[in-house]
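Protein chains: 2
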Amino acid sequence: MSDTNTLRPAWSSMAAGLPEDVLGPILANGTKPGIISFGGGLPSPEGFPTKELERAAEWCLEAMPKRALQYSDPQGEPELRAEIAKYENGRGNPTDPDNVAVVTGSQQALDLAARIFVNPGDAIMVQRPTYVGALEAFNLSQPRYVEMPEDEEGTAPALIGDEADGVKFAYILATFSNPTGRTMTVERRKQLIEKAREHRFWIVEDDPYGELWYHRKPPVSIQSLAPDCTIRFCSFSKVLAPGMRLGYITGPKEVIRMFAKAQSYAVLSTPCITQLMAAKVMADGLFSYHLDDIRRIYRAHAEAMLAALDEFMPKHPGISWTHPEGGMFIWLTLPEGIDTMKLLPEAIEQGLLYVPGSTFYGNSPESHQMRLSFVTVSEEKIREGVKRLAALISSKL
Amino acid sequence: MSDTNTLRPAWSSMAAGLPEDVLGPILANGTKPGIISFGGGLPSPEGFPTKELERAAEWCLEAMPKRALQYSDPQGEPELRAEIAKYENGRGNPTDPDNVAVVTGSQQALDLAARIFVNPGDAIMVQRPTYVGALEAFNLSQPRYVEMPEDEEGTAPALIGDEADGVKFAYILATFSNPTGRTMTVERRKQLIEKAREHRFWIVEDDPYGELWYHRKPPVSIQSLAPDCTIRFCSFSKVLAPGMRLGYITGPKEVIRMFAKAQSYAVLSTPCITQLMAAKVMADGLFSYHLDDIRRIYRAHAEAMLAALDEFMPKHPGISWTHPEGGMFIWLTLPEGIDTMKLLPEAIEQGLLYVPGSTFYGNSPESHQMRLSFVTVSEEKIREGVKRLAALISSKL
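Chains A and B are the protein sequences, given in the same order. Numbering-wise (our numbering), the first sequence opens with residue 1 and increments by one. Numbering-wise (our numbering), the second sequence opens with residue 1 and increments by one.
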């Protein structure tokens with residue numbers, strides 16, 4: 001096929017304005033042999049319930065092939081929505097199947113949220129820092145960002161002021177945040193809800209990591225405290241497998257109907273076969289034993305990294321890191337002079353990968369932080385990688 | 001979950017402007033017991049290669065579970081793109097794997113095309129009539145429509161004039177069109193390309209039905225005649241199964257890269273497991289025997305409906321229908337006074353479903369046509385359904 005375009009594509013202003021993909025090349029680098037990658041946001045394949053999914057695929061294609069291979073309900077297969085509702089009720093989130101829409105991975109929920117709420121130039125409120133993939137999905141709808149105030153404990157909703165007027169929704173990772181690993185206290189969750197009611201914005205609670213707690217369950221969801229103004233996104237990528245591309249949205253029925261409508265126009269539906277597979281493994285009780293296994297794996301890796309940081313990191317007043325109680329990430333802060341983006345090529349030379357902190361900001365990025373992901377790296381390599389990282393940082397002090 | 005929204009959602013202008021879903025309720029009605037539905041656009045489940053897909057799922061989850069269940073390349077898994085390139089080269093469409101992007105059903109390709117080319121108010125050129133699902137996907141980007149001129153043989157590109165200036169792309173179903181079943185001649189394809197070069201618009205060639213020919217292969221693709229200014233969409237929904245939600249785009253590399261970028265921000269990637277399943281069945285040679293089976297099924301159903309129309313339809317100068325040489329649809333034209341939308345409730349009362357023709361127009365709908373789909377209805381019921389339809393129409397003459 002010829003690539004000599006006599007006719008240049010006249011892109012939309014959205015497409016013309018898309019920045020280069022930041023995460024893609026980093027993830028690509030992470031697959032080179034020999035490199036120790038703290039860069040990926042990928043769940044650990046150790047935790048994939050392969051056998052259960054294989055049996056579920058076989059079951060779907062034996063018991064209901066014509067249905068599993070046909071188009072699906074745009075809102076999601078009824079069996080899966082029923083299983084999700086049961087599961088969420090068990091987690092303390094009162095949910096009816098009609099409060100659930102299934103999406104093709106929670107990334108699609110982020111994109112759809114921006115599309116149905118945001119006109120170009122409308123404001124979305126985001127944390128400092130926040131999930132880069134959410135910013136990328138939102139950017140397709142050309143919003144502006146208002147950043148949430150912060151204090152030494154992280155996001156500080158009590159400090160939200162008039163900058164929140166006109167905000168369409170606040171996008172919040174309240175539990176085991178990406179990229180910081182931090183968790184918002186119940187008190188701060190309630191403060192956020194107060195501010196949402198005062199300034200009349202919706203809360204989009206992104207909750208892909210809530211089940212990945214190490215020792216104790218995280219605080220109640222924001223949605224359970226304010227179901228009338230909260231939309232919550234959950235993902236099967238961490239508790240099942242990302243290759244299924246399955247996530248779901250819970251919220252008031254009116255909002256769910258709009259998500260399902262936009263979904264039906266954008267992709268018709270999420271694949272039916274993967275939905276029925278997920279419904280089957282849930283109905284068979286997978287989560288009752290599987291989640292404990294995942295938690296054990298993730299906890300061991302987190303502890304290995306925290307121990308290595310304690311052991312190797314230079315004792316310096318400008319160096320600190322978060323101590324997550326669940327999830328996949330540690331947020332490392334370095335002295336202000338060290339630019340982690342500029343440091344990255346040197347790190348890669350040392351066989352080490354991380355994500356520079358500046359990629360995680362809606363507006364004014366800070367440059368002296370990095371996100372460390374530990375779940376796909378063996379405990380031995382975590383120790384070796386942190387040792388290399390500490391040596392590299394020491395050389396810059 | 002409470003539904004008393006104290007805070008009403010402030011939808012984007014796009015969401016607020018979304019019309020009610022037309023196809024959804026029609027498809028829903030089609031599943032009621034006793035009804036004979038010529039309404040669905042669903043492929044026949046008789047043609048699903050269930051056993052092959054079951055073996056492919058087993059193979060993926062045995063041979064490469066960690067990969068099949070992990071995130072995928074946003075442009076699509078390399079094995080699947082290689083198989084697609086090989087297959088398209090065999091069909092006379094010179095294609096390199098880098099000219100291919102995999103999408104979550106070709107509906108997603110329609111949505112992405114509008115997003116990356118169209119600012120609100122920009123023009124898309126469409127046929128009269130055209131695929132309603134494409135209009136729905138495009139509407140998410142708020143375009144305006146310019147309709148292609150037509151003559152007694154259908155779309156007439158030679159008549160395109162200055163109304164094409166500024167059009168971002170022309171959306172064309174050239175082969176076994178939805179909804180008419182018509183196929184554009186090679187001469188008209190070349191005329192369209194001339195007009196595209198003259199007025200500098202791209203051609204989006206939607207080609208989901210090309211393999212569903214009854215007796216002889218359709219004309220060469222528009223893309224093979226003008227690869228520099230054509231983007232082509234293909235679907236696995238008809239040749240494999242729609243529940244997989246797999247489609248692909250072929251085009252110049254620059255355009256493919258933009259599709260992949262938008263795709264990565266919107267959904268990260270298409271599910272990996274379904275992609276590897278499709279690559280496996282293609283590598284195992286499924287299409288070499290499977291497509292003949294599908295063609296045989298579709299041809300038999302088309303012939304049954306054409307025979308029934310000949311037998312039962314009133315002989316009236318205002319009544320005519322298309323004679324498709326492939327695909328899934330027949331387009332029935334009635335005398336101008338008969339409004340098929342108004343007739344629909346009566347048809348449903350008679351246990352009969354079709355899609356009113358007025359849903360298939362970008363701008364000025366005509367009301368006296370209907371789309372008849374025959375592939376999911378048994379030959380016996382096709383005859384009975386057409387008999388009922390003919391009686392209903394006779395009563396209105």
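Hints are not guaranteed to be accurate.
Straight-line alpha carbon distances no greater than 27 Å define the calculated DSSO-like cross-link-like pairs of lysine-lysine that follow [stated by the list, open to error]:
| no. | chain 1 | residue 1 | chain 2 | residue 2 |
| --- | --- | --- | --- | --- |
| 1 | B | K86 | B | K32 |
| 2 | A | K86 | A | K32 |
| 3 | A | K66 | B | K51 |
| 4 | B | K32 | A | K66 |
| 5 | B | K342 | B | K253 |
| 6 | A | K315 | A | K253 |
| 7 | B | K32 | A | K253 |
| 8 | B | K253 | A | K381 |
| 9 | A | K51 | B | K51 |
| 10 | A | K32 | B | K217 |
Think of the hints as simulated: they come from the structure by calculation, not from any bench.
Hints and how they fare:
no.	hint	in the structure
1	K86/B <-> K32/B	violated (42 Å)
2	K86/A <-> K32/A	violated (42 Å)
3	K66/A <-> K51/B	holds (12 Å)
4	K32/B <-> K66/A	holds (17 Å)
5	K342/B <-> K253/B	violated (47 Å)
6	K315/A <-> K253/A	violated (52 Å)
7	K32/B <-> K253/A	holds (25 Å)
8	K253/B <-> K381/A	violated (38 Å)
9	K51/A <-> K51/B	holds (19 Å)
10	K32/A <-> K217/B	violated (45 Å)
Checked against the numbered hints listed earlier, the structure breaks hints 1, 2, 5, 6, 8, 10; every other hint is satisfied.
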